[in-house]
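2 protein chains.
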Amino acid sequence: MKEKEFLTELEELALLNQTLALLDWDSQTGMPETAAEERGAASGYLSGLAFEKQTSSKIKEALDYFDHHADELSEVGKAAYHVVKKDYDELHAIPKELMVERSRLYSEAHSAWLKARETKNFADFEQALAENIRITKELIPYYKKDEATDYDVLLNMFEPGMTTAVLDAVFAELKEGLVKIRQVIAEKGSQPDISFKDRKMTKNQQKYFVKNLVAELGFDFNRGRLDDTVHPFATRITRNDVRITTRWNEQDFTMGIFGVIHESGHGIYEQSIAEKYNMTPVYDAPSMGIHESQSLFYEIIIGSKRSFWKKQYPVFQAAANGTFDDIDFETFYRSLKATAASLIRIEADSLTYPLHIIIRYELEKALFNDDLAVADLPKAWNDKYEEYLGIRPENDLVGVLQDVHWSGGMFGYFPSYALGYMYAAQLLHSIEKNLAVDTLLEQGDYAPIKAWLTEHIHQFGRSKTPSELIEAATGETLNPQYLLTYLTDLYEDVYQIKG
Amino acid sequence: MKEKEFLTELEELALLNQTLALLDWDSQTGMPETAAEERGAASGYLSGLAFEKQTSSKIKEALDYFDHHADELSEVGKAAYHVVKKDYDELHAIPKELMVERSRLYSEAHSAWLKARETKNFADFEQALAENIRITKELIPYYKKDEATDYDVLLNMFEPGMTTAVLDAVFAELKEGLVKIRQVIAEKGSQPDISFKDRKMTKNQQKYFVKNLVAELGFDFNRGRLDDTVHPFATRITRNDVRITTRWNEQDFTMGIFGVIHESGHGIYEQSIAEKYNMTPVYDAPSMGIHESQSLFYEIIIGSKRSFWKKQYPVFQAAANGTFDDIDFETFYRSLKATAASLIRIEADSLTYPLHIIIRYELEKALFNDDLAVADLPKAWNDKYEEYLGIRPENDLVGVLQDVHWSGGMFGYFPSYALGYMYAAQLLHSIEKNLAVDTLLEQGDYAPIKAWLTEHIHQFGRSKTPSELIEAATGETLNPQYLLTYLTDLYEDVYQIKG
Numbered sequence: 001m002k003e004k005e006f007l008t009e010l011e012e013l014a015l016l017n018q019t020l021a022l023l024d025w026d027s028q029t030g031m032p033e034t035a036a037e038e039r040g041a042a043s044g045y046l047s048g049l050a051f052e053k054q055t056s057s058k059i060k061e062a063l064d065y066f067d068h069h070a071d072e073l074s075e076v077g078k079a080a081y082h083v084v085k086k087d088y089d090e091l092h093a094i095p096k097e098l099m100v101e102r103s104r105l106y107s108e109a110h111s112a113w114l115k116a117r118e119t120k121n122f123a124d125f126e127q128a129l130a131e132n133i134r135i136t137k138e139l140i141p142y143y144k145k146d147e148a149t150d151y152d153v154l155l156n157m158f159e160p161g162m163t164t165a166v167l168d169a170v171f172a173e174l175k176e177g178l179v180k181i182r183q184v185i186a187e188k189g190s191q192p193d194i195s196f197k198d199r200k201m202t203k204n205q206q207k208y209f210v211k212n213l214v215a216e217l218g219f220d221f222n223r224g225r226l227d228d229t230v231h232p233f234a235t236r237i238t239r240n241d242v243r244i245t246t247r248w249n250e251q252d253f254t255m256g257i258f259g260v261i262h263e264s265g266h267g268i269y270e271q272s273i274a275e276k277y278n279m280t281p282v283y284d285a286p287s288m289g290i291h292e293s294q295s296l297f298y299e300i301i302i303g304s305k306r307s308f309w310k311k312q313y314p315v316f317q318a319a320a321n322g323t324f325d326d327i328d329f330e331t332f333y334r335s336l337k338a339t340a341a342s343l344i345r346i347e348a349d350s351l352t353y354p355l356h357i358i359i360r361y362e363l364e365k366a367l368f369n370d371d372l373a374v375a376d377l378p379k380a381w382n383d384k385y386e387e388y389l390g391i392r393p394e395n396d397l398v399g400v401l402q403d404v405h406w407s408g409g410m411f412g413y414f415p416s417y418a419l420g421y422m423y424a425a426q427l428l429h430s431i432e433k434n435l436a437v438d439t440l441l442e443q444g445d446y447a448p449i450k451a452w453l454t455e456h457i458h459q460f461g462r463s464k465t466p467s468e469l470i471e472a473a474t475g476e477t478l479n480p481q482y483l484l485t486y487l488t489d490l491y492e493d494v495y496q497i498k499g
Numbered sequence: 001m002k003e004k005e006f007l008t009e010l011e012e013l014a015l016l017n018q019t020l021a022l023l024d025w026d027s028q029t030g031m032p033e034t035a036a037e038e039r040g041a042a043s044g045y046l047s048g049l050a051f052e053k054q055t056s057s058k059i060k061e062a063l064d065y066f067d068h069h070a071d072e073l074s075e076v077g078k079a080a081y082h083v084v085k086k087d088y089d090e091l092h093a094i095p096k097e098l099m100v101e102r103s104r105l106y107s108e109a110h111s112a113w114l115k116a117r118e119t120k121n122f123a124d125f126e127q128a129l130a131e132n133i134r135i136t137k138e139l140i141p142y143y144k145k146d147e148a149t150d151y152d153v154l155l156n157m158f159e160p161g162m163t164t165a166v167l168d169a170v171f172a173e174l175k176e177g178l179v180k181i182r183q184v185i186a187e188k189g190s191q192p193d194i195s196f197k198d199r200k201m202t203k204n205q206q207k208y209f210v211k212n213l214v215a216e217l218g219f220d221f222n223r224g225r226l227d228d229t230v231h232p233f234a235t236r237i238t239r240n241d242v243r244i245t246t247r248w249n250e251q252d253f254t255m256g257i258f259g260v261i262h263e264s265g266h267g268i269y270e271q272s273i274a275e276k277y278n279m280t281p282v283y284d285a286p287s288m289g290i291h292e293s294q295s296l297f298y299e300i301i302i303g304s305k306r307s308f309w310k311k312q313y314p315v316f317q318a319a320a321n322g323t324f325d326d327i328d329f330e331t332f333y334r335s336l337k338a339t340a341a342s343l344i345r346i347e348a349d350s351l352t353y354p355l356h357i358i359i360r361y362e363l364e365k366a367l368f369n370d371d372l373a374v375a376d377l378p379k380a381w382n383d384k385y386e387e388y389l390g391i392r393p394e395n396d397l398v399g400v401l402q403d404v405h406w407s408g409g410m411f412g413y414f415p416s417y418a419l420g421y422m423y424a425a426q427l428l429h430s431i432e433k434n435l436a437v438d439t440l441l442e443q444g445d446y447a448p449i450k451a452w453l454t455e456h457i458h459q460f461g462r463s464k465t466p467s468e469l470i471e472a473a474t475g476e477t478l479n480p481q482y483l484l485t486y487l488t489d490l491y492e493d494v495y496q497i498k499g
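Chains as they are written, first to last, in the UniProt record's numbering: chain Y, 1 to 499; chain U, 1 to 499.
The shape of chain Y in the complex, shown without the other chains (with noise of 0.2 Å):
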């Protein structure tokens, strides 16, 4: 077995995992809805193409070799042995009857879940969301090595090294963080004017706006495009072919612009891995919570901050064509950043988004550590909600059935966006050491920023873990208070606390 030869192998995977995206950016971006059966079987069998390979004999071979001639391969190899046999194993560790059993029940919750949202009755959903839980429960000792319970077990799968130790502290010190701030808030905070962000800007005029800015901010679009999607999403294809997505409401330009500014941040990423990885698994983010950390970067970290609205604001009342003429500067841009408590998740604001995470964290851990009872989800779920952000939702369907992800059994992915801001913040906290980015935003200058990014973080693709990652970027591991200093210093400053 010669490096080649491995590689060649890596290569055909990735030529059908770049059909795969494809096959799945179409069918979200244009596809015939009658299409849809036909397309499905279509991924199914290039999916089951990529699996054969992914856990071939061949590349069983290969990594039986280069187990005792990791001298032969050069760095390339070396990044790629190590990722294929992660894969490898954790593709291997369940029996197939087991893996047979997992999907069907997947896809029977999913239907569950969309019949319980109809219905708005969460009693429609648990009985399948049982099974989804104990098929889990039983996967997990094949996965599990020396993960200190079973909760770990399914962090480690979204983000390599994560511990339920480190998210309960971590969790802890933010909760208590944002709740402080939401206090402050009430008591001597002054509400920003909202009242002028329903003004209709256009399809049109909002994505003249962002499609510059994105493209000012170092996404290519000469290496990607950008749609029109119902659930906005950023996926590569290839990486000269990295193609963000999004929804428009002319009478809330925040949605799209700021939704593209997210993806954008995911597809600059996407684009700036270092080449010498493409056509292996290298070329990925080691985990959603780093992905994340990349999009929340420039949607809530660069997109939150005065310096780079005073650049822009004039920029886009130009691109608006005269509807927020009469909005000064100030106004605009604290009507950004007003806050309040919401039920729903995808659209809550930044000050209040982590609380929503939190709460699943901790719904989450008791139910695979501590045994809270499918049955009791739903109040457990309120009451949290009451307790946390002071509102109760009315019925399970703005409660505890508003996210997909339980239906698909993807239990221990939601601290991801979490991190992802966390790991934000503390990367601007670096980035502000050696550069002067209040300064660069003024100006408009942001490509320092983007070559630090792709310096600490988007050239080594998965070579690096997570905790390696931001540990070499930001000197320290994972610290929730850069993001609370954060927070703390724009919402004071937008709601006028020491004003």
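The set of hints was computed from the structure by calculation and includes no laboratory data. Incorrect hints may have been included.
Which copy is meant is left open, so a pair is good if it fits within one copy or across any two.
In silico SDA-like pairs for lysine to any residue, Cα to Cα no more than 20 Å straight-line [claimed, not checked]: (1) K498 - T202; (2) K137 - L363; (3) K53 - A41; (4) K180 - A130; (5) K305 - F258; (6) K276 - A41; (7) K211 - P32; (8) K276 - D227; (9) K4 - A41; (10) K200 - A320; (11) K207 - P32; (12) K60 - V315.
We have chain Y already, so just place chain U on it with the hints.
For chain U alone, coordinates are given in the frame of chain Y:
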């Protein structure tokens, strides 16, 4: 071997072909150009998988088995067996080394052709074209069965059953008739006013009009879509996902509007093959000539009719938002059918177009049967344009270098365009025996016409040969008189010969 196993293999082949169609569609409708190389690699890899499947031992085993057990096949299974056998034999006809050499030569010839187009000099293409002809001549014996001449073998590959004996007679008749119409027009015709045809009609105005129009004609947008491209085409991703494409010219509405009507003719066909053939190679047209008969039926046969435009012109005027309100129906209608000799085939009008095809047919036949030297091709080309159309190309770019086909070894393909044209007119003649076509067109009642085409052509897919289809639908073999009569009446009307 059971029929079910056989059909499962064909289904997997259909899934690969679905994917290949999407990869190709995407590369022509918006993929970033920088992604071309990796897309080529993905298409190449999947084409390889499809080829392996088409020529696999499983398929061979099925064919061998059903050679002697045809009684075990259902109607669909039988139709699939015949088509698969034909494809298998063709794919296996040629030794692998020759196939590899052919691919290499085509690729080199395409580069040479592009270069020659830049220099506008046939000499830069001559050697490569000669090589393409040489390899094709070497391959002909492998395909040859009982065809009378070498060129018959080539014709057969694109239009099964077609012969030079038939085409010589048909094209002679057609040429004579067309030349005569052109003479009469030149002597006695009154030229239509075309001065207003370059008035600006926006892309959105054109698109609104023509999308509604082709939906009425029968293209189902719930099972298809329309996109922009550079070189328009129609493609079936699946039978529920048929995609047509077009280019627009705001100073020439005919390009986009007749272009979309043309592609929707292909699209209606692809949407209307009997569902029972889905996921087998029977779900396709039996020849390019038959496919083209459907696009030209809508674009030229229906699209040239006074009765059709009587209904549609007011709709068109409204879509153009007043731009053509000062143009009366008569003036507008006559402008659509103005004719003039031109050098470029794809820009030719509906009267002169077949002459462009006949020129190519005569030259191809001479190259393969009568040893016309490649070096003499430009002169032969120019002489024929002068003889048949009265104009002589000023350089090779607008002469012998204009078409991509020969650079890709597609000899014998051009006649399909003219065959489609003649089939379309012959079909109209048959339809008119059963339906009051002009009355239907005046009423905008297009459904009976589409239903007729589906009943007599579309539904059969590849389960019948082109000649079987045409004879069953029209009661006779290919007859060019229907096209000549159609064009004579049309142009005598438009050019007010008898008026």
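Worksheet item: Honestly, which of those hints from before does the structure not fit?
Response: 1, 4, 8 and 12
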